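Model the full structure from these sequences, guided by the hints.
Just so you know, the protein sequences line up as chains A and B, in that order.
The letter at position 148 of the first sequence is residue 150 when you use my numbering, and the numbering goes up by one with no holes.
The letter at position 91 of the second sequence is residue 93 when you use my numbering, and the numbering goes up by one with no holes.
Treat the hints with care, as some may be off.
Intra- or inter-copy, both count: the list cannot distinguish identical chains.
What the hints assert, rightly or not - Restricting the straight-line Cα-Cα distance to at most 27 Å, the calculated cross-link-like pairs of lysine-lysine (DSS-like) are:
#: 1; residue 1: Lys56; residue 2: Lys72
#: 2; residue 1: Lys27; residue 2: Lys183
#: 3; residue 1: Lys8; residue 2: Lys72
#: 4; residue 1: Lys72; residue 2: Lys167
#: 5; residue 1: Lys27; residue 2: Lys72
#: 6; residue 1: Lys72; residue 2: Lys61
#: 7; residue 1: Lys72; residue 2: Lys218
#: 8; residue 1: Lys217; residue 2: Lys167
#: 9; residue 1: Lys217; residue 2: Lys56
#: 10; residue 1: Lys8; residue 2: Lys226
Everything labelled a hint here was simulated from the structure, so no lab data went into it.
Since the structure is predicted, the reported quantities are computational estimates derived from the model, not experimental observations.
Chain by chain, the residues run as shown.
There are 2 protein chains.
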Amino acid sequence: MDTNRKAVILLSGGVDSTTAMAFAKQEGYEIYGLSFRYGQLHTLELEAAQRVAKALGAKEHLMINIDLAKVGGSALTDQIDVPKARTEKEMAKDIPATYVPARNTIFLSLALAWAEVLGASDIFIGVNALDYSGYPDCRPEYIEAFERMANLATKTGVEGRTQIKIRTPLIHMTKSEIIQKGIELGVDYSMTHSCYDPSSDGTACGQCDSCLLRKKGFREAGIKDPIDYER
Amino acid sequence: MDTNRKAVILLSGGVDSTTAMAFAKQEGYEIYGLSFRYGQLHTLELEAAQRVAKALGAKEHLMINIDLAKVGGSALTDQIDVPKARTEKEMAKDIPATYVPARNTIFLSLALAWAEVLGASDIFIGVNALDYSGYPDCRPEYIEAFERMANLATKTGVEGRTQIKIRTPLIHMTKSEIIQKGIELGVDYSMTHSCYDPSSDGTACGQCDSCLLRKKGFREAGIKDPIDYER
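Below, the structure written as structure tokens:
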């Protein structure tokens, strides 16, 4: 294991990105957390990201401001209602209103820029193709296409140096498998935040897609979720 | 020609992006200009972009703030000296200090997000593989890889609706051909700004790579450059 290798980890402060960071740490990378203040209505996740980066010993945690709200088109940045209490069948049926157009592409592009500056070889992203809630930019074929493009985009690629790898350790795992693995890796999930629509005191709603998937994951893993829910 | 079709055009306010916008307009698209305030030291280009968008009748001109300066690594956002008076051989030899890591990838990603929200089918970018000054993300193979990734990234791609096309009308043209074509299309280049290192009153330095390529382009086209230079 090369302990001098650096990895950039996209960190939202939720279960998946926190577990992805724990994977990178376990593999011996020097870890660099990257988060975005992108006009999301739930800035609580940024506080969670800061707690996680600190707890997992990130060498740096960079927070980039980018006003995606100007682009619009999502319940996470617009004043569209977050869908509640949907069944898994409903979640699987279509791409939800909380989809932010091209979000992973934008975030991975910025991670790529930072990776190039740092000389990092790997970018970790906690996407998940099973419990993926209908987002197109969580599929393996998308990630492969991004990696290919990334290696043509940068100096690194041109000069034939280290290729950039987009690492998706969770892509074929269920939410309960992710949680079990995270617990094995020592993750304290009380630091994390998942809810799309928390109450004013920060309590998770328990009814949005993100809360429902999280609750189901903990239930199936047979582990008590350390956070509180409104319902 | 379908006059209801929309195109997003990446607009820096320089010769190339202005000409790319003129191409989109000539093809009958409803045009949407997209510019970035990304920590560049030369904000004069944003004023040029506003003039150009207005003059070419853009339906909207969106300016997105994104603090790339935090990522660092470039003479355009850091306090690194802009190289001056380089020969073409020197420019061709390596990737210059003014290269912003993954810049086109970041800008195209945001254009992709906006295109999806607008229902636009085409994204125009004024990249150029001949006079490209050594940037890896101006090569045709990079653009093709981005387009492929983009169609996997979005709802549009998943639902099999209109595919997104990344349009590069200037990619195989020399700077003088671009200028000749722009003049044919009615572009007034006095609106544009190209210099990486203008004086405090906004006059172009005449010695940075961008000024040198522009001056050579006008000279070879046999057209008088309407802007002033310090030297």
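* Which earlier hints can't be squared with this structure? -> The structure breaks hints 7, 8 and 10; every other hint is satisfied.
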